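*Asks:* Residue numbers (this note's numbering), protein chains in the order written: chain G, 3 to 115; chain Z, 3 to 116.
Simulated from the structure, these hints should not be mistaken for lab results. Here the structure is a predicted model, which means the values were calculated and not measured. Backbone N, C-alpha and C define an ideal beta-carbon position, used for all residues, glycine too. All clues given are correct.
Covered stretches of chain G, as calculated for chain Z (at least 3 residues, CB under 8 Å): (1) 41 to 53; (2) 96 to 103.
Straight-line distance between alpha carbons at most 30 Å, and here's what the computed BS3-like set of lysine-lysine pairs gives: (3) Z:K46 with G:K102; (4) G:K63 with Z:K42; (5) G:K51 with Z:K43; (6) G:K102 with Z:K24; (7) Z:K21 with Z:K54; (8) G:K102 with Z:K69; (9) G:K70 with Z:K42; (10) Z:K73 with G:K102; (11) Z:K46 with Z:K24; (12) G:K102 with Z:K42; (13) Z:K38 with G:K102; (14) G:K51 with Z:K24; (15) G:K51 with Z:K54; (16) Z:K42 with Z:K24; (17) G:K102 with Z:K54; (18) Z:K24 with Z:K73; (19) Z:K38 with G:K63; (20) G:K63 with Z:K46; (21) Z:K43 with G:K63; (22) Z:K43 with G:K70; (23) G:K51 with Z:K73; (24) Z:K11 with G:K102; (25) G:K51 with G:K63; (26) G:K70 with Z:K46; (27) Z:K43 with Z:K24.
Derived list of chain Z stretches under chain G, where covered just means 3 residues or more per stretch with a C-beta under 8 Å from a C-beta of chain G: (28) 33 to 45; (29) 52 to 63; (30) 106 to 112.
One-letter residues, chain by chain:
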Amino acid sequence: AQSVTQPDIHITVSEGASLELRCNYSYGATPYLFWYVQSPGQGLQLLLKYFSGDTLVQGIKGFEAEFKRSQSSFNLRKPSVHWSDAAEYFCAVGVRNTDKLIFGTGTRLQVFP
Amino acid sequence: DTAVSQTPKYLVTQMGNDKSIKCEQNLGHDTMYWYKQDSKKFLKIMFSYNNKELIINETVPNRFSPKSPDKAHLNLHINSLELGDSAVYFCASSPQGLDNQPQHFGDGTRLSIL
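Okay, chain G solo, but in the shape it has when bound (with noise of 0.2 Å):
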């Protein structure tokens, strides 16, 4: 079954530093891979994705990713954090041929000055 971990629960990081968030995936083909914000009282805004091709993926705000098959990972990166960036933060595998989108369960970045 399709299934998408975040292993780090809450994240705190000084702003400034950079950051990198975990994800991985299981899936039975290539997947289609996203990442989204949410803000508080918000709704989710899509960061970025990964359909084919390049596996480093830029998205808005600075932020990356990076696809690894053979880790089956798409961890989000950013070199530098700035204070707006604290939210929460969602991996996403989509399931092709589908509508559906399966989340992983968040991480919350917290960014301190």
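For chain G, the structure is supplied; the task is to place chain Z on it using the hints.
*Replies:* Quick look at chain Z alone, frame taken from chain G:
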């Protein structure tokens, strides 16, 4: 110019009542969805509609009934509300669901059952 809008934003009601949440998208998308986010922030799909036709129904109790009067609207009606229905409900839409296009989410409706 909100893309996916849900009303109401907050809904507080008593057990046993019937309530509806409305969703509208102005993106011209063909597919709309309802998700439930529980108190631990876990997001799970409930339903999807493509051009007013039900595509996904994820073992949701039949107290939940989605209705799509046209492809820009997907409303969620809940009968006989239970304590476990307390959650944030998100509506979303995408251009062509079967191609796994990115989904655009509304801001959510926080439902609290007393």
